[in-house]
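Engineer: Residue numbers (my numbering), protein chains in the order written: chain A, 973 to 1657; chain B, 973 to 1657.
Do not take every clue at face value.
Identical chains blur together in the list; that is why a pair holds if it fits in one copy or across any two.
[Stated by the list, open to error] Here are the computed lysine-lysine pairs in the DSBU-like style, where the Cα-Cα straight-line distance is at most 30 Å:
| id | residue 1 | residue 2 |
| --- | --- | --- |
| 1 | Lys-1168 | Lys-1238 |
| 2 | Lys-1015 | Lys-1443 |
| 3 | Lys-1113 | Lys-1394 |
| 4 | Lys-1339 | Lys-1168 |
| 5 | Lys-1332 | Lys-1238 |
| 6 | Lys-1453 | Lys-1273 |
| 7 | Lys-1267 | Lys-1583 |
| 8 | Lys-1569 | Lys-1179 |
| 9 | Lys-1545 | Lys-1453 |
| 10 | Lys-1496 | Lys-1113 |
| 11 | Lys-1545 | Lys-1489 |
| 12 | Lys-1113 | Lys-1238 |
| 13 | Lys-1545 | Lys-1113 |
| 14 | Lys-1263 | Lys-1238 |
| 15 | Lys-1168 | Lys-1489 |
If you're looking for bench data, these hints aren't it; they were derived computationally from the structure.
Predicted model, so just to flag it, every value in this text is computed and none were measured.
Number of protein chains: 2
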Amino acid sequence: MSKKTATVIFQPSGRRGEVPVGVNIIEASRLLGVDIEAPCGEKKVCGKCIVRIEEGRFEKYGITSGMDHVGDWLVEEEKFINDERKAKGFRLGCVATVKDDILVFVPEEARAGKQVVSKAARAIHIDFNPCIRTYYVSVDKPTFEEPTGDFERICNGLEREFGLCNLTIDIFALRQLCDALREGDWGVTVSVWDNKEIIRVLPGRHKNGPYGIAIDVGTTTVAGYMCDLSTMEVIDTVSMMNPQCKYGEDVMARITYHMTTDGGLKRMSDDIIEGLNGLIEKAVMSTHPPKKEVKGADGSKEMVEVPEEGKEYLRLTMDDIEDITIGFNTAMHHILLSLNPEYVGLAPFPPVIHHSMDIKARDLGVKVNPSSYLYVLPIEAGFVGADNVGVLICEEPYKYEENQLIIDVGTNGELVLGNKHKLISSSCATGPALEGAQLSYGMRAAPGAIERIDIDRETKDVTYRVIGQEKSNKEIDDVTKMGAKGICGSAILDVLAELYRSGTIRKTGQFNKKVLKDCPRFRKNPDTNQPEFVIAWANESSIDKDIVVTQRDIRQIQLAKGALYAGCKLMLKRMGLDNPDRVKIAGAFGTHIDREKSLIMGLFPDCEVEKIEGVGNAAGDGCRAALLDMKKRVEANWCSRNVEYVELTVEETFEQDFMEAMQLPHMVDPFPHLVGLVDEDILNQ
Amino acid sequence: MSKKTATVIFQPSGRRGEVPVGVNIIEASRLLGVDIEAPCGEKKVCGKCIVRIEEGRFEKYGITSGMDHVGDWLVEEEKFINDERKAKGFRLGCVATVKDDILVFVPEEARAGKQVVSKAARAIHIDFNPCIRTYYVSVDKPTFEEPTGDFERICNGLEREFGLCNLTIDIFALRQLCDALREGDWGVTVSVWDNKEIIRVLPGRHKNGPYGIAIDVGTTTVAGYMCDLSTMEVIDTVSMMNPQCKYGEDVMARITYHMTTDGGLKRMSDDIIEGLNGLIEKAVMSTHPPKKEVKGADGSKEMVEVPEEGKEYLRLTMDDIEDITIGFNTAMHHILLSLNPEYVGLAPFPPVIHHSMDIKARDLGVKVNPSSYLYVLPIEAGFVGADNVGVLICEEPYKYEENQLIIDVGTNGELVLGNKHKLISSSCATGPALEGAQLSYGMRAAPGAIERIDIDRETKDVTYRVIGQEKSNKEIDDVTKMGAKGICGSAILDVLAELYRSGTIRKTGQFNKKVLKDCPRFRKNPDTNQPEFVIAWANESSIDKDIVVTQRDIRQIQLAKGALYAGCKLMLKRMGLDNPDRVKIAGAFGTHIDREKSLIMGLFPDCEVEKIEGVGNAAGDGCRAALLDMKKRVEANWCSRNVEYVELTVEETFEQDFMEAMQLPHMVDPFPHLVGLVDEDILNQ
C-alpha cells in the first residue's frame, strides 16, 4: 500500500513535517513554513527555486532520502541544471514532487526573505593599526652603472622613505612586480603585511584600499564584515547559513560525521571554504552597481548594470581583499582547517593547536588575493574557541577591576568571568533552543518571524509582533495579514517569561492546567498528545497552521537556561564571588535581550538591571578588531593562554545545580531586583 | 615532384641532417648519430622509442614540422600512446616514417646510452649545519587538569629538551600532528626548518633522514644531488636534459619564446617543474630495489622487485624530501619561477630579484613534502646568476689573498675575479661550442663520443679515444669496432690545440692548405664547399659517415675562446692586474680540461700550469653546500650583493680585444709557459 503522506525535512532550517504525497517541493515548503524563492510562480521558467535532494544521511530522524523519493526529471530543468549538478541531486523545487520521505537542502540563493541581519557591525572603539598597509614608492630606472634588480630597488625606496627594513616578497606578488614597475613608470603601490612581507604590487599610485574582511563562523550562521583598512570603515556586512548544517546541527554531530564518514572532514571543510568564497564574493559584488536583465531587439537576454544616479561604486574584485581574520568555535576551527576534530569532542577535549595562525589564503583555497594571509584567531580550549577570544579582545574584561560575566549564547554557551587580575572561561551545553532552533515553530530572524510576545495576565490572550509588519496583531485591522510563520530567537525569552509571569506555566515549567482550563489557546495536540499553547492562530499565519509552544519546547528552553545559570553559578563559586558586577550578553540572542525578562527567567545570576548589557556579535567584532589593529592579535594570543578554562561538568555539584537552575525563577538565592516583576499570587494559583 | 630527402632535427641534442624520405624515425636517428632506445628491434612491441613530433616552431632552421610530415598512425601505437599524448604529437619512432622536414623531440626516457655524468658530486669540505633538523620529543597525555593542545604540548617539550623557542608550524604538518601523537604513543619526530617552523611530524622515533636535494639547473643539463641531511652523505646523483631545450638552445631563444608566444612562460615553467619532479623521483626510486617484469602462470605481466642480496634499501618517498636548494642562471631562475624574463635579456639586464627566496614547494608544484621549502639561491646580475653564486660559495675566493680567476663554462661563460678584498664578475657569450654543441659532429659525453684527440705533427694522422672503448683507434685490432658517433666537449680543446700544434691550421684558425695539400684527411666538402678535416673515417663510426671538423666549427670554437679570453683580460685590467694567481675552471668542460692545451689555445690569460684547476660542477656543489650548511645561505646573499658585476660589452676596447683574442695563440702578451709546447717552425710553414 502506498503512503498517503511523506516526511519532508528542509535544511538548513531543520523545519520538518508531513506533506501529502504528490505535492511539489515548493508546495511542501509552504506547508511547512519554509520560504523558497519562486518568482515565476512555479512556471518552471526562472530557475530560482533550485534545491538539492540529499542522499540518505539523516537516519536519525527515521527517514532515508534520495533521488528515488522524488518525481521524474523534466526536460524544463535542463536549462537550469547541468548534468554535473543533476548528478548531485539538484532539482527545480516547482518540478520535483514528493514521492516518499525526503531531506531537501535549500541553497542560500533559493531562500526567500531577506534575513534581518542581527550580526551587524556595532560601533566599537578600535585603534588604527592594520596588518596590511600600502605604500607608494617611486624609484630610478636601472642603468648600466646601477643595474640593481626590481625588488631590491623598491626595497631601497621603502627603507629610505618609510623606514621599512628586511622586507620579503611573496612569490605571487613578485610575479607582478616587473610589469607593474614599468607600467607605473617606475612607481608602484605595494601592500605590506605586518611590516614584513610584500603581498601585492600595483602599478602607479593606487588611491583606494587596502581592504580586508573579518569573518565570524558560527555553528549555524556565518557573518562577514568587509572593511576599508585605510579608513576602518565597514563597507558591507554579509551573512549566510553555515553550509555545514547539512552534516549536523551542532558540533558534536559534525565531529561524528567526520568519524563515521570516509572523506567527511574534507567534505565539510570544502563546503565551508566554498561558502566563505561565496560570502566574500557577495561582499565584493556589493561594491558594483546592481544588474538587471534586459532583452535585446533580437530577443536575446543580457545582464546590464543599473547604477544609482550620482552614486560612485568601488567595483572591488576578489583580488582586492588582502587580509582576512577569522574566528570560530574549536570544532569549526578544526573542521575548516582540516584538522582532526575527533579529540575536541572527547574528554579532556584538547585542541590540536591553541596559537593563532597566519595561513596563506591560497593554501586553504580561499579565493581572495592569493598572497594574502588568513589570520586564524587562537583557541582557548576544546569548548571555548577562537570566537570567545574574539569576544574577549572586543570586551577587554582583562582591563577592568570589576568582575564581568560575559555570556556568548550561540549554538553553544560560552562563559567568561573575571577581571584584570584573573579570568576563567567555561562552556555549557545550552543547545540552540535560546536561538529559536529545535523548537516546533522556531525560525531565524526573517520576515514573518514573531519577535515579541506579551501574554495578558488575566485573559492569557497573546499580543505579538512580527518582523516586517509594523503593527501588532492587536493593532492591525485584518489579522489575516499578520503573515506569522514562526518564532525567532529574540522572542524565546518572551515566551518563557510571559508564560511564567502570567501564571500559564508553573515554576517547574509545566502548564498550569488549573489556570488554563477554559483558555482556548491551551490544548492537547491530538497527534502527539502533548499540551501546547497557541501563540498565533492559523488564520494569522502564512503557513495556515496554528503557531504553538509545546510542553517539549518549554522543556528545551528550560534545559538551556538551566545549563547557562548553573554554569555561571559554578564559575562565580570558583572565583569566590556571589554575583557578577556586570553581565554582558553576546550573540544574536544578546542583541534583542530584555534584561528584566532574562532575570525573571533566571537566565543568569542576579545583577543590577542597568549593569546588564547586550553586546551583540562581540565575537565578530573581535575579529574586526584583529583585522584593524595588530595589537589585538597579540592580546588574542595572550588571552588564549591566560584565561583559565574550567570544565564544569566535572564539578561535584554540577548535576544538582543544573537541576535546580531549570526551575523558574531559580530559587537558590533571592532575586532582589525581581520584586514586583513576578506576581507571586498568580504563581501560586 | 616529391622530395627524395627530408631534413630531420633531433631535440634536445640539436643533431640535424638529411635522410631519405620513407625511413622511420629510428632509422633517421641512426643515420644522424642520435641514440633512441629500441630494445625490441623495431617490432613495435616495447613502446620504448616514443618520440614527439614538434609543431612548426623551428622556422629558423628553414623547416616547418608537424604531424602531417610523418607517416600514418598505426594501431600498434595505441597500446603505448593514449589519445591525449597522441594529440600532443607522440609517436613510436619505429612506426612513424619521415615524409617531409620534421623536428623530433626525444624524451629523456627514450634516449639511449647512459650519460657519463660529468656533474657527479665532488668531495668538498662542508660544515654540518643543515636547515632541516629532526627531533624526537615525548610528551604527557592531556588531562582535565592539563588539557593543553597538541601543538603547544610538543612546543613545550622542544623548548625544554632542545631549547627551541617560538616555533610555528605549517598547516600541512599541523594536519599530521594529532594522529601522529596518538599513533606514536605521545612521542613524535618533528622536522624543524631553520629553527623556526615545524614542517613535518611523524609518529614515534624515526631513525632515518631527513633528506634533501640540491639541484643545479643548467641551460642544457639539470643535475641533482640527493643527500642525507643527518650524515651529509650524497645518496644519489641524478641528471637529465633540461626539457626547455625544445624552446631554444640558449637563454635568449627562450626569452624570445616567452615574448612571442602566449602562455610561453607558463609552458616553459611547467616543463621544467615537471622535469624536476621526474628527476627527484628518479633519485627517490634509486633507494628502492630494481623492478623486473615477470609473467604469471596465466600469462599476465607484473612488475616485481628484485632486491640485491644483503642490500638494505631506504625506500624513500617523495614526502621524505624535506629540503631543496636550487641554483641556475638568471634567465632559467626567472622562467622556473614564472617571473617575466624579458628585461633580463634587455640592457641593462636588471633581474626581478637578487635576494634568495624560500618558497614552499607546493607553491611551485614541486611534489616533495608539501610543507618543505625550496631555497632559491640569490642572483648576482642579469647574466651572472644563482649558479655563479653557487660557484662562489663553493670556491670561496672571498676568503683568500690570492687573486683567483674562476671561469664557469656552460652554455654561457661566467667569470669571477678577485680576492678577499674585492670581487668582480662578468659574463661572456661563449655560446655552447666549448661544450661540443652546435658543431657539425658535436655530441654530449655518452658512449661513442670522441673524448681525446692527438694529431701527428708530421703525418697529420689522428689518434683518438672514444667513450666506452678502452683502446684508441691505433691500438684496436678492428677499427670498425670503434663505434665513434661524434665529438664531445672534452675533445673540443684537443681538436683546436692539436690542429694548431700540428700546423694544420694557422694562427688565424684557417686551414693551412700548403701543409695539407697531400693530406687525405683534408678536403673540401662537395655539398657545402667548406674545407674540413676528417677525425674519424666512416668505417670507424657507427653512423656510417666521416666525422669531420669544418672550418665553420673551428670558427665557432675561436669565437668562444676569444670571448672568454677577452672577458678575462678586461676583468684583469679592471682589477689592475696582469695575470691571475690561480685559474679555476668550473662546469663539465672543466672536469676534463687539459691545462697545457688550454694555454696553447689561449683560452684564458697566462697562469702557472700547476695553478690551473678544474673544479667540476662547482655551481652544483655550491647548491649542495647551501643544502647542508645554513651559513652558506648567508654567504650566498652576501656574494650576490657584494660581487661587483662588470658589463664587458660596453668597455671601449672590448671589440678590439675580442678580435685579437680569436687568434691562436693570443699574441698580445707572451706565454712563457708555452715555450716548447708549440713548434714555431711548423706554425711558420
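Engineer: Work down the list of hints and note, for each, if the structure agrees.
Structural biologist: Evaluation of the provided hints:
In this assembly of identical chains, the alpha carbons of Lys-1168 and Lys-1238 lie at most 30 Å apart only when taken from different copies (28 Å versus 32 Å within one copy). Taking the shortest alpha-carbon separations for Lys-1015 and Lys-1443, neither the intra-copy value of 34 Å nor the inter-copy value of 91 Å comes in at or below 30 Å. For the homomeric pair Lys-1113 and Lys-1394, the shortest alpha-carbon distance between copies (26 Å) is at most 30 Å, but the shortest distance inside one copy (58 Å) is not. Proximity of Lys-1339 to Lys-1168 under the C-alpha cut-off of 30 Å is found in both arrangements, the shortest distances being 22 Å within a copy and 28 Å between copies.
Within a single copy, Lys-1332 and Lys-1238 get their C-alpha atoms as close as 18 Å, and across copies as close as 22 Å, so both meet the 30 Å cut-off. With identical chains, the CA atoms of Lys-1453 and Lys-1273 are never at most 30 Å apart, being 37 Å at best within one copy and 78 Å at best between copies. In this homomeric assembly, Lys-1267 and Lys-1583 never come within 30 Å of each other (Cα to Cα): the closest approach is 59 Å inside a single copy and 84 Å across copies. Neither within a single protomer nor between protomers do Lys-1569 and Lys-1179 lie at most 30 Å apart by alpha-carbon distance, with minima of 50 Å and 65 Å respectively.
When the C-alpha separation of Lys-1545 and Lys-1453 is checked against a cutoff of 30 Å, the pair qualifies neither within a copy, at 51 Å, nor between copies, at 98 Å. Neither within a single protomer nor between protomers do Lys-1496 and Lys-1113 lie at most 30 Å apart by alpha-carbon distance, with minima of 86 Å and 53 Å respectively. Taking identical chains as interchangeable, the C-alpha atoms of Lys-1545 and Lys-1489 are never at most 30 Å apart, the minima being 42 Å within one chain and 114 Å between chains. Taking identical chains as interchangeable, the C-alpha atoms of Lys-1113 and Lys-1238 lie at most 30 Å apart only when they sit on different chains, with a minimum of 27 Å there against 49 Å within one chain.
Taking identical chains as interchangeable, the C-alpha atoms of Lys-1545 and Lys-1113 lie at most 30 Å apart only when they sit on different chains, with a minimum of 29 Å there against 70 Å within one chain. For a Cα distance limit of 30 Å, the shortest separation of Lys-1263 from Lys-1238 qualifies neither inside one copy, at 35 Å, nor across copies, at 35 Å. Taking the closest pair of Cα atoms, Lys-1168 and Lys-1489 never come within 30 Å of each other, the shortest separation being 73 Å inside a single copy and 73 Å across copies.
Checked against the numbered hints given earlier, this structure breaks hints 2, 6, 7, 8, 9, 10, 11, 14 and 15; the rest are met.
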